[in-house]
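Read off the chains here:
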Amino acid sequence: MQKRAYYGLYIVIAILAVLPMVLPNSFYLDLAIRMAINAVIVLGLNLLIGFAGQISLGHAGFLGIGAYASAVLPTHFGWHPLLAMGAGAVATGLLAALVARPIFKLKGNYLAMATLGLGIILNIALRNEATWTGGPDGMPVPAFGLFGFELSNDKQWYWVVAILLSVSVWASLNLIDSPFGRALRALHGSEVASRVVGVDVVRYKVAIFVMSAVFASLMGSVTAHYVGFVTPNLADFFHSIELVTMVVIGGMASVYGSLVGAVLLTALPQALATFEGWETVVFGAILMICMIFLPKGLVPTLAAKFDKGDQA
Amino acid sequence: MSLLEVNDLSIHFGGVKAVQNVSFSIDAGIVYSVIGPNGAGKTTLFNLITGVYKPTSGEIRLDGESIGGKSPDELARRGVARTFQNLQICMNMSAIENVMVGAHLRLDRNLIKAALRLPGLTRRDAELREEAAGLMRFVGLEKYINARADSMPYGALKRLEIARALAMKPRLIFLDEPAAGLNPKETIEVDELVRKVADSGITVVLVEHDMKMVMNLSDRILVLDYGKKLAEGTGEEVRKNPDVIAAYLGAHA
Amino acid sequence: MLAQFLQFFFSGITVGATYALAALGFTLIYNASNVINFAQGEFIMLGGMLAVFFTQAGLPLPAALLLAILVPAVVGVLIEKLAIEPVKGAETVTLIIITIGASLVIRGLAAVIFGKGTHSLPAFSGDAPIEVLGATLMPQSLWVLGVTAVVVVVLWYFFTRTLTGKAMLATSYNRLAAELVGINTNGVLFMSFAMSAALGALGGILVTPITLTSYDAGIMLGLKGFVAAVLGGLGNGLGAVVGGLLVGLLESLGAGYLSSAYKDAIPFVLILFILFFMPRGLFGARVTDRV
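In the order they appear, the protein sequences are chains F, L and P.
Counting from 1229, one number per residue, gives the positions in the first sequence under the numbering used here.
Counting from 933, one number per residue, gives the positions in the second sequence under the numbering used here.
Counting from 812, one number per residue, gives the positions in the third sequence under the numbering used here.
Read the hints as simulated data drawn from the structure, not as lab findings.
Quantities reported herein were computed from a predicted structural model and do not represent experimental measurements.
There could be a bad hint or two in this list.
[Stated by the list, open to error] Computed list of lysine-lysine pairs in DSS-like fashion (alpha-carbon distance at most 27 Å, straight line): (1) F:1533 <-> L:1075; (2) F:1335 <-> L:949; (3) P:927 <-> F:1533; (4) F:1524 <-> P:892; (5) P:899 <-> F:1524; (6) L:1128 <-> L:1075; (7) L:1101 <-> L:1045; (8) F:1335 <-> L:1002; (9) F:1524 <-> F:1335; (10) F:1333 <-> L:1002; (11) F:1335 <-> P:899; (12) F:1333 <-> L:986; (13) L:986 <-> L:949; (14) F:1335 <-> L:986; (15) L:1128 <-> L:1101; (16) L:1172 <-> L:1160.
Same shape as in the complex, but just chain F:
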């Protein structure tokens, strides 16, 4: 990897800078914002799934915590949105650590089962606690303001999200090419080998799981403020699966794959709208076909075609 991996970052920044000028209307701007938000979540999730080799089937639950923290705390308790966002992230981090510690002491991929359970419980709680959350119908979220400046139009949101995405790509690239990142990849490659060189495997798995959960929570808050409304669907099992699918379709252990996966899968439902009634069938078929023919995901498969050397 080294220097070359960072060229992609410049391309990402360039695309993000030019995009608002070429997008024909606000529909596409909105789509781009949602793609970028998903991309940040998927970057974090890919660190967990692709790099560390651990599966979470409940990340939408963490996203839900962030989103609802930003909705409930300012609405019912008058908290400042920034404080609410932080509280959501802290709560998510604590919950993730609490669940992950005992799970990672076990051999095998029990995280998938635990996160699946946790995600569903969170979702059911959001649906049931209607006094606070508005139940299945959801609730409105107050606008996000800081220092008297309020984020109100999509253009502003776009730049906020674009900066978040660029920073996330940069930080992810940094992380995987560091002692921390190497330990993470090593425990995926051979857990026993990483243990005998001194990697405290449990600690690393917990750390990356908590980090990716906090990423999801923060972006959940961002989503809530951007959309201005939250519903429990944000936190449902299907959304968790969507996020995992973005990781896998784009390419596990590929930073740029995360971006490609997020872009494609955010756009897919729009594209499928023409298949009236058949969306689910086509979506499912695409998932299967991608996984059967491109099990490594799009970006790594293409990268391997174009060069035999190393890659990010």
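Given chain F, work out where chains L and P should sit, using these hints.
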């Protein structure tokens, strides 16, 4: 005092007594070999001493400190390194990164600093890359310095394991069949490599089936059979031991 | 008090039996391939939906039920042949996504073909409730429990007394060794998917007269079957059955005595509890990795 002392060590898997009441001690600076027929418990013994398995009973002391049942990463902190009989190379990483992981404990592993790419961290990482390249040259892998691990042949991967272990700057290194599956020429090269490692001051514990290599390298030899200690001594002593001869010729009474 | 408890107990073991069949399906496929089949719930849905469809089309009940088991079995086999066999040895997450893709396709097709409404199936032997110590038991519950019991006995016989069954067990213990002694492990995989789908469908058919069904009923049933399989110690057949009944019971008792709003959350609280305190499940085996 010996560097490593093993007293009455046993492990049982269900009814299988893989290692039974084995005792021996290893002085610093020597090459110590463990031999025995397949299934004698050699790898299990390694797994016990390096913390991969927890002993059912018995005691392991490193520099007098009891280390039985400690986790592999705690042992790594105490300077114990090892290689694996079945390769444990991280195929999702490049060759040199596999070596760099060996230096894990000597680095700043902070997540935040890593994400922000602080200059101190990257400088140290660049130095480490140089050091790892040096280790790859030391084990004879100079032409694979820029290779991906999954593109390397078997023989090279065996040496890559040794390079990774050396990156830990260990006091004690356990080599589990470093010559298994290699051709005669490669075996001689590994023989020389083990000698070089020992000469650098690291205590070597070796499991190997190649008797010529074992006899050539070892200061002392432990013979295991069915999980029990059959004999221990210098190469000469072991070679003459009637029990050892019987075990190797399969002449069990 | 007793009557109320009995009432919860009856409804608990009835849906528990369905979870047990789903859990057995998970277990069969997991043992044969280490795949956790997230499409398992769709077989349950398909069984119920097809039974409704075929009876409404005028087929006599036995024929309709037979077809409602056979069609999902064929679907199961198709999934195995087209989507699982070609990617053998892929990463767990890849396999999970393939089975999720399959479940979406099945669910989507069901919505297109049968519509998004709720469907019901007449009970097999009338709706006259049976009084037991003040609680009522639907005759259909007896069908569910009876048939599940028969299935368990048949499966037990199959796995312990027949060569095919033993070959399947052998494959689950050690695939390579099974291949070396001449077992056709692809055939085993094929059988596992067919049996697993058929079991799921059977559960779906039996329970539909009680719970009704719709195109999206499979997800929750499947996930709860999965919880049951984990509870029993993933890979253990007896565990799956006990796990299924236990999940059903706890869910019903929890809904009755604690909170009906959180009824669906109970199995998932249970799975977290299991993972924290007894990760091998009730009957799971201890394993040691060889390095």
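How the hints compare with the structure:
1. For a cut-off of 27 Å, the pair hint linking residue 1533 of chain F to residue 1075 of chain L stands: about 23 Å separates their Cα positions.
2. Of the supplied pair hints, the one linking residue 1335 of chain F and residue 949 of chain L holds, its CA atoms being roughly 23 Å apart against a limit of 27 Å.
3. Among the hinted pairs, residue 927 of chain P with residue 1533 of chain F is inconsistent with the structure: their alpha-carbon atoms are about 44 Å apart, more than 27 Å.
4. For the suggested pair residue 1524 of chain F and residue 892 of chain P, the alpha carbons sit about 20 Å apart, so the restraint of at most 27 Å is met.
5. About 13 Å separates the Cα atoms of residue 899 of chain P and residue 1524 of chain F, which keeps this hinted pair within 27 Å; it holds.
6. Taking the CA atoms of residue 1128 of chain L and residue 1075 of chain L, the gap is near 20 Å; set against the 27 Å cutoff, the hint holds.
7. Between residue 1101 of chain L and residue 1045 of chain L, the direct Cα distance comes to roughly 24 Å. Compliance with the 27 Å bound is thereby established for this hinted pair.
8. About 18 Å separates the Cα atoms of residue 1335 of chain F and residue 1002 of chain L, which keeps this hinted pair within 27 Å; it holds.
9. Among the hinted pairs, residue 1524 of chain F with residue 1335 of chain F is consistent with the structure: their alpha-carbon atoms are about 24 Å apart, no more than 27 Å.
10. For the proposed pair residue 1333 of chain F and residue 1002 of chain L, the alpha carbon gap of about 15 Å is at most 27 Å, so the pair holds.
11. The suggested pairing of residue 1335 of chain F with residue 899 of chain P holds, with an alpha-carbon distance near 22 Å, which does not exceed 27 Å.
12. Between residue 1333 of chain F and residue 986 of chain L the alpha-carbon distance is near 15 Å, which keeps this suggested pair within the 27 Å criterion.
13. Pair hint residue 986 of chain L plus residue 949 of chain L holds up; C-alpha atoms about 13 Å apart against a cutoff of 27 Å.
14. Simply put, residue 1335 of chain F and residue 986 of chain L have alpha-carbon atoms about 15 Å apart, close enough for the 27 Å limit, and the pair holds.
15. Only pairs whose Cα atoms come within 27 Å are accepted, and residue 1128 of chain L paired with residue 1101 of chain L is accepted, the gap being roughly 14 Å.
16. The straight-line distance between the Cα atoms of residue 1172 of chain L and residue 1160 of chain L is roughly 19 Å, inside the 27 Å bound, and the hint therefore holds.
In the structure shown, a violation is registered for the earlier hint numbered 3 alone.
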